[in-house]
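Peer 1: So the chains spell out like this:
Number of protein chains: 2
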Amino acid sequence: MSRASDRAYAAIRAHLLSGQVKAGEQLTEDQLAQITGVSRTPVREAVRRLEDELLLVRSDTKRLFVADWSRDDIEEMFTLRQMLECHAAERAARRMTRGQVAEMEAVNRELKAAIEQPAPDVARFLDANRAFHDAIIEAAASPRLGQMLARLVEAPVVLRTARTYSTEDLRQSARDHDELIAAFAARDPDWARAVMGSHLRRAFHTFARTVGPATDAEDA
Amino acid sequence: MSRASDRAYAAIRAHLLSGQVKAGEQLTEDQLAQITGVSRTPVREAVRRLEDELLLVRSDTKRLFVADWSRDDIEEMFTLRQMLECHAAERAARRMTRGQVAEMEAVNRELKAAIEQPAPDVARFLDANRAFHDAIIEAAASPRLGQMLARLVEAPVVLRTARTYSTEDLRQSARDHDELIAAFAARDPDWARAVMGSHLRRAFHTFARTVGPATDAEDA
DNA sequence: CGGGAGCGTTTTGTATACAATAACCAGCGC
DNA sequence: GCGCTGGTTATTGTATACAAAACGCTCCCG
Chain A
1 MSRASDRAYA
11 AIRAHLLSGQ
21 VKAGEQLTED
31 QLAQITGVSR
41 TPVREAVRRL
51 EDELLLVRSD
61 TKRLFVADWS
71 RDDIEEMFTL
81 RQMLECHAAE
91 RAARRMTRGQ
101 VAEMEAVNRE
111 LKAAIEQPAP
121 DVARFLDANR
131 AFHDAIIEAA
141 ASPRLGQMLA
151 RLVEAPVVLR
161 TARTYSTEDL
171 RQSARDHDEL
181 IAAFAARDPD
191 WARAVMGSHL
201 RRAFHTFART
211 VGPATDAEDA
Chain B
1001 MSRASDRAYA
1011 AIRAHLLSGQ
1021 VKAGEQLTED
1031 QLAQITGVSR
1041 TPVREAVRRL
1051 EDELLLVRSD
1061 TKRLFVADWS
1071 RDDIEEMFTL
1081 RQMLECHAAE
1091 RAARRMTRGQ
1101 VAEMEAVNRE
1111 LKAAIEQPAP
1121 DVARFLDANR
1131 AFHDAIIEAA
1141 ASPRLGQMLA
1151 RLVEAPVVLR
1161 TARTYSTEDL
1171 RQSARDHDEL
1181 IAAFAARDPD
1191 WARAVMGSHL
1201 RRAFHTFART
1211 VGPATDAEDA
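So the protein sequences, as listed, match chains A and B. Just so we're aligned: 185 in our numbering is position 185 of the first sequence, and the numbers increase by one with no gaps anywhere. In our numbering, each number is its position in the second sequence, counted from 1, plus 1000.
Treat each hint with caution, since some may be false.
[Said to hold, decoys possible] Simulated DEER-style distance windows between Cβ atoms:
id: 1; chain 1: B; residue 1: A1113; chain 2: A; residue 2: T210; range: 49 to 55 Å
id: 2; chain 1: B; residue 1: D1190; chain 2: A; residue 2: D190; range: 19 to 25 Å
id: 3; chain 1: A; residue 1: Q117; chain 2: B; residue 2: R1071; range: 47 to 53 Å
id: 4; chain 1: B; residue 1: D1134; chain 2: A; residue 2: D30; range: 34 to 40 Å
id: 5; chain 1: A; residue 1: D190; chain 2: B; residue 2: T1097; range: 50 to 56 Å
id: 6; chain 1: B; residue 1: S1039; chain 2: A; residue 2: R58; range: 17 to 23 Å
[To be verified] Just so you have them, the derived chain A footprint on chain B, three or more residues with Cβ under 8 Å:
id: 7; stretch: 1080 to 1090
id: 8; stretch: 1144 to 1150
I should point out that these hints are in silico values taken from the structure, not numbers from a laboratory. From the three backbone atoms N, C-alpha and C, an ideal C-beta is built for every residue, glycine too.
Turn these sequences into a full structure, and let the hints steer you where they fit.
Peer 2: Spelled out as structure tokens, the structure:
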């Protein structure tokens, strides 16, 4: 995180989730350079990453805007994530070492610790949650898969920040993780895939509940 | 294709597939700037795209190398592509209009025309093949899915250039396309998914046959 | 003879100036 | 009043110079 483009990336990302900018609003590279305190060159690099993650979009004439995620966009993102991450869980179950399983148990203990407090520490939960899913991707040993998931997950992480989680939602996640770990320990790819599927699909519905109802002409 | 960074992208890509550079070889941005005839700024932009497509990779210290695709890398790529493109076919089957189906029939006629000659025109076949698959992605109406597939498909297109195809392989592809069109016309998502699955899996084996046998215990 | 510190060279990263292109606005003809 | 056209400003794209970092080499010391 020391290079200017990384700092710019983090700063712009923070700026987007700070709520100071609305979806669909135009931004300019100069603006962002001022905000981040670096020149346009690293800003352009950062912007490219954010475009990749679909947090920013460009018009047909290359003007820059804050992306506007519709409910359908979010559903599609969750669907893709589910498809890819189920596959990752399956591969991980075939490859995971005892050491890696122990690692994941430790991460999930941390995750539970973040929940079981007077007031659950959501930021800490999200960090641990992310570490958990990253460990699975790591164990899946598929660089392209990891790359794709990383891009998919970035945007929701931002969108999610404003959300509120019930303690029960968080506990259910922790239980899912326990079962995933069991599936990994048993080296059972089908089990891992199935648990991951329900874990993510539930996450989508939890998420969607706060975003709003489905559009009526929905498919899939 | 008029901006310098686009020209740089195309030029570097052409350079990579020209065979003048070996997998694993180091490249420098200056070199590429000379080759492409533009300055390093657009070259860096082009290089980022090529890194995305995993045709170029950077070392831990940011030095630039030609990617070295192992047999396992290729298999993983095909697996991911199958997963995503089956999903695309399913969605496309739900959404495709009569007009789009007619469009695809036209593309497949062009594809067959490229085959049925004294010597099949492989470049023309590949263009039509690409147009066919692009039309499916278009009909699937999922920007993220399209984006991911575009990235996945880029690399193989390059790797594939050196390959030789038997006329029978090409004809089988055309038949698969016919069946896909039938599935779309029938608006049958399951059928479309199944045909796409076998189409791509066969493509992988056809490809793998020329690359070499599977490694029994591969690591990095 | 081997290992490591120092230093010149190579390569990547950043800032800035300038060029090209797109949006905006005003004035004109109809 | 409406739409077009020309020029003006805003914004992105490119080139270049310089800064920072990494590599490789040599030379010194053990």
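Peer 1: Looking back at the hints listed earlier, which ones does the structure fail to meet?
Peer 2: Hint 5 is the one this structure does not satisfy, whereas the remaining hints hold.
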